[in-house]
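First to last, the sequence lines map onto chains A and B.
Just so you know, we're using my numbering here: the first sequence kicks off at 54 and counts up by one.
Just so you know, we're using my numbering here: the second sequence kicks off at 1238 and counts up by one.
Treat the hints as calculated values from the structure; they're not laboratory data.
Heads up, a few of these hints could be off.
To be verified - Listed next, the stretches of chain A that the computed footprint assigns to chain B, with coverage defined by at least 3 CB atoms under 8 Å from CB atoms of chain B:
#1 67-81
#2 97-105
#3 114-126
#4 135-141
#5 160-169
#6 183-191
#7 197-204
Stated by the list, open to error - Cross-link-like lysine-lysine pairs, in silico, DSSO-like; alpha carbons within 27 Å at most:
#8 A:K125 x A:K175
#9 B:K1343 x B:K1463
#10 B:K1337 x B:K1624
#11 A:K175 x B:K1463
#12 B:K1486 x B:K1343
#13 B:K1533 x B:K1479
#14 A:K175 x B:K1624
#15 B:K1624 x B:K1529
#16 B:K1463 x A:K127
As the structure is a computational prediction, the values presented were derived from the model and not from experiment.
Note that the Cβ used here is the ideal one computed from N, Cα and C, for glycine as well.
Take a look at the letters that make up each chain.
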Amino acid sequence: MKAYLVERYIGIFLCIMAILIYINIPSQIAHIPRVRTLGERPSFFPTVTVFLLFFLSILLIIYTFTGAAKGKNKYYSLNINYEMIVLAIVLTLYYTLFFRLGFFLNSVWFLFFLMYFFGYRKWPVLIALSLLIPYGIQYFFMEIANFYLPKGKFLWW
Amino acid sequence: MLSEILTGFQYFIQLDVLIAISIGVLGGLFVGAIPGLTATMAVAILLPVTFGMSPIAGLGLLIGVYKGGIHAGSITAILIHTPGTPAAAATVLDGYPLAKQGKALKALDIDLYSSFTASLISSLVLITVAFPIASIALRFSAPEYFSITFFALTIIGGVSGNSLLKGLISGTIGLLLSVIGLDPMIGVPRFTFGSIALTRGISFIPLLIGMYAFSEILIQLREGRKNLATQEEGKIELKITKSERATFKDFLDVLPTIIRSAFYGVGIGSLPGIGPAIASFLAYSQARKRSKNPEKYGNGSFEGLAAAEAGNNGVTGATLIPLLTLGIPGDTVTAVILGGLLIQGLRPGARLFRDNADMVYGLFMAIILAVILMLIFGYFLIPILNKVVTMSKSILFPSILLLCMVGSYGSAQSSFELLVLFGGGILGYIMRVYEFPLAPINIAFLIGPMVEENFRRSLVFSDGSPLIFVTRPISLFFVVLTFLSIYYIIRNKGAKQEELLD
Chain A
54 MKAYLVERYI GIFLCIMAIL IYINIPSQIA HIPRVRTLGE RPSFFPTVTV
104 FLLFFLSILL IIYTFTGAAK GKNKYYSLNI NYEMIVLAIV LTLYYTLFFR
154 LGFFLNSVWF LFFLMYFFGY RKWPVLIALS LLIPYGIQYF FMEIANFYLP
204 KGKFLWW
Chain B
1238 MLSEILTGFQ YFIQLDVLIA ISIGVLGGLF VGAIPGLTAT MAVAILLPVT
1288 FGMSPIAGLG LLIGVYKGGI HAGSITAILI HTPGTPAAAA TVLDGYPLAK
1338 QGKALKALDI DLYSSFTASL ISSLVLITVA FPIASIALRF SAPEYFSITF
1388 FALTIIGGVS GNSLLKGLIS GTIGLLLSVI GLDPMIGVPR FTFGSIALTR
1438 GISFIPLLIG MYAFSEILIQ LREGRKNLAT QEEGKIELKI TKSERATFKD
1488 FLDVLPTIIR SAFYGVGIGS LPGIGPAIAS FLAYSQARKR SKNPEKYGNG
1538 SFEGLAAAEA GNNGVTGATL IPLLTLGIPG DTVTAVILGG LLIQGLRPGA
1588 RLFRDNADMV YGLFMAIILA VILMLIFGYF LIPILNKVVT MSKSILFPSI
1638 LLLCMVGSYG SAQSSFELLV LFGGGILGYI MRVYEFPLAP INIAFLIGPM
1688 VEENFRRSLV FSDGSPLIFV TRPISLFFVV LTFLSIYYII RNKGAKQEEL
1738 LD
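Let the sequences and hints guide you as you build the complete structure.
So, in structure tokens, the structure goes:
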């Protein structure tokens, strides 16, 4: 799609967002009367920022109607392809299984699948890396950096 | 002062600090040498690792990665005609032609010496000017801090992308994200939508990792899986013999160019938002103007190579000046390093120099060590780095994704952080595709609470009158500077940048 059209839609989207955020301010920020020693209310800064966003979005929309914007021979495309969709599915699965399988098991299948999917075909290396990288990361984070990583419901390993 | 320097030295001369800096520099060299992996990405991924470290070790690790990464981006520029990091874009111009002429090893050596000298000069400038600037900044109060941060945000928004408007929108979105959570002065929840996780606000670690690391992988996936294959095509074979290496005389020949270019880098680095890529092109074009052999530039000139590399490495120390003295990150990497400082409980700014001067001295020593290690590792690891440049991304990317997720999860031990990571990655991807710069959103997000607090405190002082920002001289100076900068950016936007890149 032509760049100026994309920018116009982004401007409209941001404008709507700014209005929605502004409408939600009373329900999302408790109303506290202005106290002299505490300065402005908690809703003051978000309101100023929302107004700024609204103003800048309007400017962006106006800009897309100018000759300078229309004259650019530029196109934008998000280019969402098959690989990205697969990655999104894999990440959703990883997130869902994170506490059930635990970090190690979950990461083994994740790495194995993605490395294979991204085109790596040396099987011994693939298997070794799928086991060693999660083990190394788990060892570093749990033993050295003292982070807790979920162990999952299958503690047999 | 001497006792603070000695205490700083005690902090610095610990085994964990030395190991952390060494690993940082090594990691930076490897990451920078792989096309598509940037120094910012590496620093963001390693941010959570610094949790359990001492402040100097953690910050030394991040700064080591930064220094190593910026230098190593030029290795791929020389060997495979692809800059490893955006900062090395100008290095390609003379680096690759030199390699094609059979001078790859000499080019890599000159490149390393230029990086080292410029990085050292830049770090020394930082050490020299940081304390005086901090002592001036100690006199600032809320209105001055608000005006300075507002000025910095405007400049970063204006110059870090191709459009002032997009930069400002990016910064405003960052400010809006920063208000989620508890109000900084009264503690009232804002935009939490009843979620306990949101009461803490959006964590900056997963957001930064998502925006810089996860979005980078998505960008690389745009061209499909074939883009991840090993890049062997056009690679220059490296013969490593003593006679092929650069001599001290070769270095002396380009030393004046290196010093001049380093100072261009220092100048650009100390201004917010511009970054090493522009510094590199500026240094390169200035060196060509002054050169006796300008016709050699672009066809394999050691001077051109040295200028480009000294220009981008000259930024690496200077960019820490506004960060450490005023708490304002000048670019994306320093925004992430600011995150590292906050993790360690250190709030950068004038008070850091007053209350933790020993820590600052320790940090300066760590920076100098990182520069020296960059020279040593860079010299001896050329054969290994030569192999790394063509490393398969089909192994790297899944591993990086895993590290991103562990780091994000570990930052708050909550699965909500993984959602912030994915959200940050998607937002970062969309912004990059539509050419909204990432630096303003991240910097505004990080310094948003500081902007708000200073703004509201100022209004408390003035009993609600915004005139306080124009009745105090320093504040007025920065307000005027902000408007002048906006005027200048609008007038010169595009033209200068294109001229520079030509």
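Results for each hint:
1. 67-81: holds (count 4)
2. 97-105: holds (count 6)
3. 114-126: Check failed, 1 qualifying residues.
4. 135-141: This one holds; 4 residues, not fewer than the three required, reach chain B with a Cβ under 8 Å.
5. 160-169: holds (count 5)
6. 183-191: This one holds; 3 residues, not fewer than the three required, reach chain B with a Cβ under 8 Å.
7. 197-204: Three-residue rule met by the segment 197-204 of chain A, so holds; n is 6.
8. A:K125 x A:K175: Distance ~47 Å between K125 (chain A) and K175 (chain A) Cα, so the pair is violated.
9. B:K1343 x B:K1463: Between K1343 (chain B) and K1463 (chain B) the Cα gap is close to 33 Å, so the pair fails against 27 Å, i.e. violated.
10. B:K1337 x B:K1624: Distance of about 18 Å is within 27 Å: holds.
11. A:K175 x B:K1463: 17 Å, holds
12. B:K1486 x B:K1343: 12 Å, holds
13. B:K1533 x B:K1479: Cα-Cα ~26 Å, so holds.
14. A:K175 x B:K1624: Holds, at roughly 18 Å.
15. B:K1624 x B:K1529: 36 Å, violated
16. B:K1463 x A:K127: 25 Å, holds
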